[in-house]
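Protein chains: 4
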Amino acid sequence: MGKKVVLAYSGGLDTSVAVTWLKEQGYEVVAVCLDVGEGKDLAFVKEKALKVGATESYMIDAKKEFAEDFVLPALQGHTLYEEKYPLVSALSRPLISKKLVEIAHETNADAVAHGCTGKGNDQVRFEVSIKALDPSLEVIAPVREWSWSREEEIEYAKEHNIPIPINLDSPYSIDQNLWGRSNECGILENPWAAPPEDAYDLTVALEDAPDTPDVIEIGFEHGVPVTLDGEKMQLDELILSLNDIAGKHGVGRIDHVENRLVGIKSREVYECPGAMTLLTAHKELEDITLVKELAHFKPVVGKKLTELIYEGLWFSPLTKALQAFLKETQQFVNGTVRVKLFKGHAIVEGRKSPNSLYDEKLATYTKEDAFNHESAVGFIELWGLPTKVHASVNKAAESAKQPEKVQS
Amino acid sequence: MGKKVVLAYSGGLDTSVAVTWLKEQGYEVVAVCLDVGEGKDLAFVKEKALKVGATESYMIDAKKEFAEDFVLPALQGHTLYEEKYPLVSALSRPLISKKLVEIAHETNADAVAHGCTGKGNDQVRFEVSIKALDPSLEVIAPVREWSWSREEEIEYAKEHNIPIPINLDSPYSIDQNLWGRSNECGILENPWAAPPEDAYDLTVALEDAPDTPDVIEIGFEHGVPVTLDGEKMQLDELILSLNDIAGKHGVGRIDHVENRLVGIKSREVYECPGAMTLLTAHKELEDITLVKELAHFKPVVGKKLTELIYEGLWFSPLTKALQAFLKETQQFVNGTVRVKLFKGHAIVEGRKSPNSLYDEKLATYTKEDAFNHESAVGFIELWGLPTKVHASVNKAAESAKQPEKVQS
Amino acid sequence: MGKKVVLAYSGGLDTSVAVTWLKEQGYEVVAVCLDVGEGKDLAFVKEKALKVGATESYMIDAKKEFAEDFVLPALQGHTLYEEKYPLVSALSRPLISKKLVEIAHETNADAVAHGCTGKGNDQVRFEVSIKALDPSLEVIAPVREWSWSREEEIEYAKEHNIPIPINLDSPYSIDQNLWGRSNECGILENPWAAPPEDAYDLTVALEDAPDTPDVIEIGFEHGVPVTLDGEKMQLDELILSLNDIAGKHGVGRIDHVENRLVGIKSREVYECPGAMTLLTAHKELEDITLVKELAHFKPVVGKKLTELIYEGLWFSPLTKALQAFLKETQQFVNGTVRVKLFKGHAIVEGRKSPNSLYDEKLATYTKEDAFNHESAVGFIELWGLPTKVHASVNKAAESAKQPEKVQS
Amino acid sequence: MGKKVVLAYSGGLDTSVAVTWLKEQGYEVVAVCLDVGEGKDLAFVKEKALKVGATESYMIDAKKEFAEDFVLPALQGHTLYEEKYPLVSALSRPLISKKLVEIAHETNADAVAHGCTGKGNDQVRFEVSIKALDPSLEVIAPVREWSWSREEEIEYAKEHNIPIPINLDSPYSIDQNLWGRSNECGILENPWAAPPEDAYDLTVALEDAPDTPDVIEIGFEHGVPVTLDGEKMQLDELILSLNDIAGKHGVGRIDHVENRLVGIKSREVYECPGAMTLLTAHKELEDITLVKELAHFKPVVGKKLTELIYEGLWFSPLTKALQAFLKETQQFVNGTVRVKLFKGHAIVEGRKSPNSLYDEKLATYTKEDAFNHESAVGFIELWGLPTKVHASVNKAAESAKQPEKVQS
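Residue numbers (the working numbering), protein chains in the order written: chain C, 12 to 419; chain Z, 12 to 419; chain U, 12 to 419; chain P, 12 to 419.
These are computed hints drawn from the structure, not numbers from a lab. Treat the hints with care, since some could be wrong.
Any copy, or any two copies together, can satisfy a pair, since identical chains are not distinguished.
Stated by the list, open to error - When the alpha-carbon atoms are kept at most 35 Å apart in a straight line, the in silico DSBU-like pairs for lysine-lysine are as follows:
1) K169 x K363
2) K15 x K309
3) K75 x K243
4) K314 x K331
5) K351 x K14
6) K406 x K363
7) K110 x K309
8) K399 x K351
9) K75 x K95
Make a model of the complete structure from these sequences and hints.
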């Protein structure tokens with residue numbers, strides 16, 4: 012009897028060809044298509060899988076799980092790879108892997124397949140995640156294995172009656188979910204060239220942004236964004252709403268030459284209107300609610316979490332430990348942030364919190380001042396003591412070495 | 012015979028009153044006023060010092076030294092305190108301290124005085140710096156010592172014929188140099204309130220920013236910005252030029268609730284049009300010229316440098332060691348960055364460098380592709396091996412603990 | 012009516028004098044003495060407090076709480092200040108503070124007092140902890156306030172009939188609990204001098220250590236040492252047992268010139284036989300049970316925890332967040348470690364665990380080898396790719412700059 | 012015409028077989044043997060290379076260069092991988108690679124070959140280093156390529172008249188240089204088993220260590236050990252002398268289950284008598300000469316340097332930048348350290364320095380005390396202020412949330 016493979020199916024040319032190719036390798040193909048907020052017609056994709064030869068086809072709405080279990084820790088950890096990229100695709104890969112493994116178990120499949128090439132980060136993320144979840148499953152990467160040119164692939168598709176998408180000559184390679192949209196290739200490969208307007212989809216150009224701002228209020232409970240302008244919303248819906256309203260103002264365009272895990276630099280264009288708005292707002296709420304030493308160490312944890320996610324190690328026990336740290340910190344992150352969306356900016360204009368550590372009585376320069384100015388004298392003396400001793404000793408040591416200078 | 016004190020003189024009420032107050036304490040007062048790019052009429056200030064009672068008055072143009080010795084390492088280290096504040100005042104304090112000590116040595120003074128209160132960071136920066144440079148000098152902080160209310164100070168000024176500035180009822184406390192302008196107090200003390208427009212001076216409001224961008228090219232040599240649109244410029248002049256052109260587009264407004272060294276949170280508004288433009292451009296040039304492991308570790312050094320500068324430890328030997336690290340890294344940071352200044356943004360649209368590590372042949376998805384896709388298979392296997400072993404072992408350990416589950 | 016103060020009472024001269032001194036300041040004194048494993052006769056101390064004038068006297072056995080809530084996280088975090096000092100006193104201060112505040116609440120006291128001087132770390136730890144637990148309590152530091160010389164203090168004691176301890180001329184200042192014993196002062200103040208033998212109490216000199224080792228087995232569950240040679244023990248008892256057996260072999264002497272929080276370097280001698288044995292064993296068990304990326308990041312968390320504890324910030328929310336991280340990691344730390352105690356060493360000779368990630372099949376060089384040697388080729392190619400591109404580009408850039416060299 | 016390969020030749024079976032194997036692949040073989048302090052008869056090895064078929068054979072004494080350019084930064088950076096392993100082999104690999112590339116250039120060779128297998132770290136170190144120094148050179152790893160069993164290799168050797176070493180049945184795989192000796196395999200593959208005595212060579216067992224200590228004095232200039240008991244010595248000679256004297260006392264045995272770069276855990280036994288003595292002495296000298304903030308940050312740099320060296324990235328520009336940091340710090344590290352070598356310990360009993368920041372006048376508890384005890388009050392108030400505000404605010408926030416508790 013033949014073997015069975017669960018394929019992450021996107022509806023595009025690569026994975027459509029993969030269905031046929033896998034069948035030729037002797038596999039029965041189960042297609043799985045996930046909705047993580049990419050805004051595609053997934054019912055159509057599910058049908059298409061069957062048309063191109065899959066035995067079964069699953070469509071899973073994973074938006075809520077994606078937002079709550081994957082995006083939320085990234086938001087709370089302020090995970091920006093190389094201080095710029097909010098990990099859009101890197102976050103969805105472990106979730107997709109998890110679903111693929113679940114379906115593989117349900118359908119008694121022997122293998123799992125993904126449509127990545129051999130030079131991106133995503134192949135690493137898929138394969139490490141799948142092996143972490145079930146080391147016994149075989150993992151197949153048809154596109155990497157067949158290593159055809161574009162022309163060869165189209166030839167194969169035509170021979171096997173696989174429908175060719177009409178936008179095939181698009182120079183871009185796109186991935187999208189509710190946390191943002193990534194785009195690489197084509198003209199973008201020259202880092203001196205500005206990205207052309209048609210590289211963008213979720214955001215308007217600054218030139219086209221409206222002349223009046225929108226001012227919104229985001230409410231947080233324990234570090235979770237829970238209301239938008241006072242209205243309770245599920246996290247995935249809140250992010251999608253923010254994508255609309257912030258995208259309308261051109262917020263969240265990112266142009267990044269980044270260091271891939273596989274050893275090359277690549278240039279990517281991202282659009283993350285909701286993500287950048289939430290990251291900004293959350294950071295500012297932390298600025299008033301987290302005590303200094305916590306505020307200063309948390310980015311170390313965030314940076315490590317960023318690396319793990321980018322590098323495909325979501326299912327590492329270190330990820331869980333970092334999340335336990337973050338969870339503990341978020342209990343104080345309650346309150347409301349007022350954000351002005353305007354001309355590509357998400358500007359925090361105000362923040363308030365029942366846990367605010369900003370104390371006007373301590374901060375003020377008016378008569379209300381409750382700060383003990385005398386304390387500063389003792390503080391400075393001890394704070395500066397090591398530097399002072401260092402200066403005294405080493406000047407003395409220096410002079411001792413240079414008697415001729417002292418003499419002259 | 013009386014003692015002599017060198018006073019950092021700004022021309023404002025506090026330091027003018029301090030001249031008289033110090034004389035009452037038995038000191039002869041030498042006034043020193045530094046030009047670090049604050050855009051004030053310093054000849055006037057120099058004269059005023061003598062009028063209010065100083066024996067001598069120095070005016071020192073320190074813009075070039077400030078830019079090259081203090082601002083440049085901050086630029087190359089991407090020093091943003093709490094990821095937001097480019098250390099404007101924190102950078103000038105050690106330079107001012109250095110000049111005060113130099114003048115103290117030239118004039119055989121016994122003490123040095125500054126005009127800081129007892130709750131800010133600057134008192135720490137002055138006093139630790141001065142003690143580092145000459146532990147034998149006495150340091151006096153008149154404003155902190157007399158601890159008068161505003162009313163008492165004005166009363167004293169009137170009694171002693173010290174001129175009262177006309178803008179005395181300004182609710183703001185301002186400090187400015189070529190790296191930016193800081194503003195605190197007044198309405199800003201409520202973190203829910205947006206800063207009013209009159210809190211800003213170097214930048215236009217987004218609402219008033221021009222509808223056509225300026226596109227500029229900044230040339231870097233060894234991490235130093237050396238040309239603006241092809242024209243060679245001294246660093247201080249280049250920064251001041253950028254302040255103008257980027258300020259005109261509303262670039263560089265920062266609204267920050269920050270953790271002061273002295274234990275309180277305070278809310279500050281900064282304007283740093285030139286600084287933010289240069290920091291952005293420099294980072295993007297590093298993105299194409301620094302190898303991954305260097306790009307990933309350098310921020311650790313930058314963060315530590317930021318802390319040292321913010322916390323008054325410029326003259327620590329650690330500062331020098333961090334700078335030695337940075338200097339070594341900057342040899343590769345050569346090239347040109349094209350920046351679009353528009354609606355409050357400094358957007359890097361292009362970067363090019365003779366040291367660019369971005370290799371189109373490796374990055375491309377076209378036929379030119381020089382990347383060995385096969386290598387990925389081996390890479391992923393070893394990269395994911397620890398995770399796979401961890402998963403296998405701990406699933407086995409888990410099952411071994413729960414025999415009943417295995418049986419059923 | 013008078014005010015009431017809760018005093019941390021040790022039975023020594025300082026705190027005995029403090030009872031009288033506090034009464035002279037108008038306070039009713041409640042003495043509290045904690046047993047954290049210092050091996051003193053605490054019933055006697057409790058009585059003495061009443062004799063020297065306390066109204067009430069509490070003796071609290073806090074050994075179990077100290078071990079489980081304070082020492083355990085320090086063990087699991089491998090907290091060694093400046094890589095040497097296992098935080099002996101720094102760990103007990105927050106617990107003592109907690110108990111003082113509890114008694115203050117029970118007895119409706121207005122203030123809390125401790126016997127620290129003005130130049131140590133402990134005053135900071137006590138005062139920050141007490142303020143964290145109840146910001147409304149007054150904190151008094153009699154010894155720091157009266158600032159008497161030794162002679163003046165003795166004079167005062169004699170005048171007030173306070174018993175003078177017979178070992179008053181001891182040159183040492185000792186603090187001890189179950190995690191170790193610290194000693195400072197006297198001859199130790201010269202860092203070129205070796206500590207004299209009478210500075211030590213818990214450990215024998217190497218010269219006197221037995222010629223036959225003891226080999227023990229320590230069993231861990233979730234990172235907690237739970238058995239000694241197979242026998243289940245409560246943590247405080249296990250540590251005290253290890254102090255005996257490891258002390259007998261001279262394990263755990265530490266001679267450290269350390270950087271105090273208050274800005275000076277001081278030289279301390281510590282004895283931590285149980286602590287050093289457990290820290291060594293625990294680390295080695297982690298070496299086989301923690302996955303690489305976790306093993307490499309955990310020390311960053313441990314170092315920050317160390318700093319917080321040393322610097323008196325136990326009750327910071329950051330401490331809790333770091334502990335949440337640690338707790339998550341410890342689930343894998345199960346197994347047994349065999350330790351040879353001999354001539355001042357605690358040598359781990361063997362470690363085994365159901366969660367061991369050491370896989371003989373992967374590690375072996377015999378025929379059993381399950382490692383795929385082919386994978387290394389691809390791994391190395393991608394691992395070294397950035398370095399290779401860097402070398403190619405920058406050699407080319409270098410040559411391009413020096414055409415004369417190329418020509419010749 | 013045939014191609015030429017430069018082979019790192021050790022005289023052992025693997026590289027002797029490699030000579031013949033490479034010739035069969037059509038290469039002319041140039042053998043290179045380096046003396047980095049491994050204590051072998053290298054003249055014999057040089058001759059043997061020619062006997063087994065090499066065209067040319069080089070023997071290079073690289074001890075001084077190894078000590079000064081590779082070992083010294085490792086000493087100054089306190090590089091201990093996973094806090095245990097002083098990077099013995101990891102340090103020699105880049106030097107050997109450099110020499111191989113130099114000889115390849117001198118002899119116009121096309122390729123470079125090393126004798127590593129496919130599962131160790133050294134293959135990575137060799138190949139990344141060689142590619143960094145000359146990306147155009149081919150790198151061959153014969154042992155990894157032929158992938159024979161031990162029996163097949165011996166069969167091949169016999170057929171080709173390659174001499175079989177007499178100690179071929181040794182269960183160990185050894186590498187040695189002046190910084191230490193590493194040993195893996197055989198019985199060591201069981202981490203529960205203690206290493207047998209015959210696994211060690213440079214150090215005596217504790218049981219056999221002399222009953223009288225040696226006390227030595229090591230003099231440092233700018234962080235470089237320059238004298239031993241007052242006698243000036245070249246660094247390589249000083250280390251070799253220390254290996255003798257400290258090895259005689261059983262100093263420097265390390266038993267380590269470590270995480271290899273290639274994804275597995277392996278168990279290694281190291282002997283580093285000189286290295287561990289110098290690392291201990293150097294750290295203690297820094298303890299009295301480095302100012303606190305430098306002492307606390309330097310380990311971050313050291314840890315990164317350790318990773319780079321372990322992971323084969325010696326020739327990364329990051330390595331140079333980290334070394335620039337270290338060099339700057341070492342100017343203060345002057346003085347003498349007295350070390351007692353006894354029963355496996357290198358105990359620092361005294362340290363003195365013209366740059367010592369340990370100030371007895373500040374540290375003392377006698378009448379000489381120059382520390383201002385009053386300053387502590389102000390220091391503690393500001394140091395603890397964030398914690399206090401946090402406690403006040405969050406207790407209030409907590410109560411506000413739980414009115415029922417407040418009521419009852």
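Identical-chain pair category, K75 with K243, by Cα at 35 Å: within (15 Å within a copy, 46 Å between copies)
Alpha-carbon proximity between K15 and K309, which holds within one copy, between copies, both or neither at 35 Å: For K15 and K309, neither the intra-copy (45 Å) nor the inter-copy (41 Å) Cα distance is at most 35 Å.
Intra- versus inter-subunit Cα pairing at 35 Å for K399 with K351: between (47 Å within a copy, 33 Å between copies)
Homomeric proximity label, K351 with K14: Cα distance no greater than 35 Å: neither (55 Å within a copy, 54 Å between copies)
Copy assignment of K75 with K95, given that the CA separation must stay at most 35 Å: both (25 Å within a copy, 32 Å between copies)
Intra/inter-copy verdict for K406 and K363 if alpha-carbon distance must be at most 35 Å: Cα proximity of K406 and K363: across copies only (17 Å, versus 50 Å in one copy).
Copy assignment of K110 with K309, given that the CA separation must stay at most 35 Å: both (31 Å within a copy, 30 Å between copies)
Identical-chain pair category, K169 with K363, by Cα at 35 Å: This pair counts as neither: shortest intra-copy Cα distance 61 Å, inter-copy 41 Å.
Homomeric proximity label, K314 with K331: Cα distance no greater than 35 Å: both (14 Å within a copy, 20 Å between copies)
The structure fails to meet hints 1, 2 and 5 from the earlier list, while all remaining hints are met.
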